[in-house]
Amino acid sequence: MLERETVEVLLVEDNLAEAELALHALKKSKVANHVLHVRDGAEALDYLFCRGEFSRRDAGVRPVLVLLDLKLPKVDGLQVLKQIKCEPRTKAIPVILLTSSKEESDMAAGYQLGVNSYIQKPVHYGEFQEVVRQLGMYWLLVNSKPPAAAFQRI
Amino acid sequence: MDFLRQVFGPGGFMPHGYCYMWNPGLVWLHVISDSLIALSYFTIPFTLLWFVRKRRELPFSRMFVLFGAFIVACGATHVMEVWNLWHAQYWLAGGLKAVTALASVATAILLVRLVPQALELPNLSDWAQANVALESEIHERRELEIDLRMSESRFREQAELLDLTHDAVIVRNLRDEITYWNHGAEELYGWRAEEILGKVTHELLRTVFPEELIEIEVETRERGSWEGELMHRRRDGSVVTVSSRWVLRRDAEGNPNGILESNRDISAKREAEESRRQSEERNHLNEIRFRLLIDAVKDYAIISLDANGLVTSWNSGAERMKGYAAEEMMGQHVSRLYRKEDIEHGQLDNELREAAAAGQVEREDWRVRKDGSQFWAEVATSALRDSGGELIGFVKIDRDITTRTAATKQIEALNLELTQRVDELRSVNRELESFSSSVSHDLRAPLRHVDGFARILKEEHSAKMTPEAIRYLDRILTAATHMGQLIDDLLNLAKIGRLELRRERSQIAWLVKQAIAELPAEAKERNIEWWVEPLPELNCDARLLKLIFANLLSNAVKFTRKQENAVIEVGSRVTDGQPTIFVRDNGVGFDMQYADKLFGVFQRLHRQEDFEGTGIGLATVQRIVRRHGGEIWAESKVNSGTTFFFTLGPRSEAPGKERATEIERA
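Note that the protein sequences, when read in sequence, are chains A and B.
Per my numbering, the first sequence starts with residue 1, numbered consecutively.
Per my numbering, the second sequence starts with residue 155, numbered consecutively.
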């Protein structure tokens, strides 16, 4: 596990092939060196809130970006999103729903829960690679990261 | 002369006194007697002459003349006797006697012949008798005259009296000729008496008899009178109905000599009677109709009560509902239809009192049938009042609502079921949505993996692969792309079915422009001639209309690919009052025998390697058109292009070839 390491991107994806393609694209885009891949919503929440197997990790380490799939075992993407956005400790972390769903209802629910970006994965891998490169560039380089104060209880 | 001398001369004879020897007594006896006889004789004819002259009508006047002459002659002979006492003119005396003889014989003969006639002459007693008879007759006549005068005045009085009456009084003789016509008749018929006296009554009045005239006449003669109604025509042509009375008139001997007819105008009465009869008939009919109506009402018990609550009418609905026949309930008190406990609580009394006070009360209540069973009824009780406002009874209308209550329950149950169904449908819809969502997510994901890894292989590992392997990789990539398209199109199609139609006035031309602008790059790269006519403003869902044009126009672009001078045309026509939009190309076209497959899902008329596609586009277009209530059809010919027509509302006729060509020509 990488609990002591810096985590730039938290990739929440149950599908290994999907995860591998995403990791491949991130690696090729050369914007993120530290990507943590978790396999379901529960594991993602455990990591974010330092629970379960992540209970001993450094709570001060936060991912710069969460790439969240919608369909996840145990706790689905929208549930994960909701918990992140309801919790002051995690609320400021940018969450991107990276999904193959074009359903309006999913999109609407995502935005209502406060998602920072909603990206439909293009069918063609080439396009997907380009999208990943752009979003990595934007969120990791262009965008100013939330300061520590953004994660404190008001 | 000698003869005369001889006759009137003494002729040598001695005077007759010589025969008497001039005895003076004898001479004077003769002289006086003869003179007296002669004198008497001479007076008789003069008397007779006077008599005859006075009584010219006397029969046998010739007899009187002859007799007069005979008497005069006789007298003359006696004068001659006296003359010849002293004069001896015996020839003259003889001549005189001859004349007298002639007159005597003639008179005798005439007298003999006259005797039978004279015997016929009444004798004196006869005359006396005749006189008596005559006198009595004269007396009678006088009396008669008085009578007549009296009767005349009576008659005048009667006539005046008859003029007083309003009835028309007509007297007619046996030939039906009018002999009297009173003032009433003048008034009634319009003719004055002097105008029509002598006219035949029935012809004048054009009488309509209730029976044969001959029968009426027979009856009048036999009974002396007749009564009946007649119809007469007045002078002005109008018809009058009269009550007529005929009385036979008889003369003194009792022989019929006429008819006295008295007519009274009863038209108004008849009309009044007729209108009363009609109104009665109407009332009767209304009553029958009303009864039929009331009886036809099976679901309502309609009962009327008198003011004391006794049943006065009971319809078939009541029989059906309550189980009592009308005969059983007539005159019975209505309380037997109520539950005992309700009666004890004064429910009926309250009901009637409230109805009497308010005019009508409505309530729901328990009722009891003949068999003792109870039912829940909706009841309306109305008070009946006469024109004076006096309460005369009640009308009650009951309805058994046990079934209605049951029906209400059933409706409620159905409603509940419906709500459940709606909920189910909602959940099915949700499932469908999540299905679509999962299709778009779960089906696309592996596809992306296929595409992604194939691409990584091709881009990063192709150096280690044979050209054949690379070709297979390309096949995998193409298949993945096609499947992605299929999934997108299918999801679109499903979405259109679920989408709420949002109609608004939309500028079709603007939508077409947008659709053209969003066409795939191919459309801009190729040399396509666009003809877009002015297009109408339509009431439609603009998002979906744009989708129609996106599909039809991209089809047109696709199927004109092999055309050097591609022309794509968009226009509109109004047919049957419905705007019809068309999209025409001069592309490859299709065989019309497959036209029915055109709009089917996954139906394609071209090979994939010729023209790519999913076979879902036109199905989507048709779905959009139908959701707008319109129709879509196509007209095509191989290598001559295709025209799609669509409307957004129903046309009066089914789409057909003729219509299509008609529009094409236009």
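Everything labelled a hint here was simulated from the structure, so no lab data went into it.
By construction, the Cβ of each residue, glycine as well, lies at the ideal position given by its N, Cα and C atoms.
Check the hints yourself; a few may be wrong.
Unchecked claim - Among the chain B residues that face chain A by a calculated CB cut under 7 Å, a handful are:
hint, residue
1, R598
2, A599
3, H603
4, D605
5, R609
6, K612
7, G638
8, P674
Practice prompt. Return the numbers of the hints above that this structure violates; sort them in rising order.
Written response: Checked against the structure, the hints that fail are numbers 6 and 8, while the rest are satisfied.
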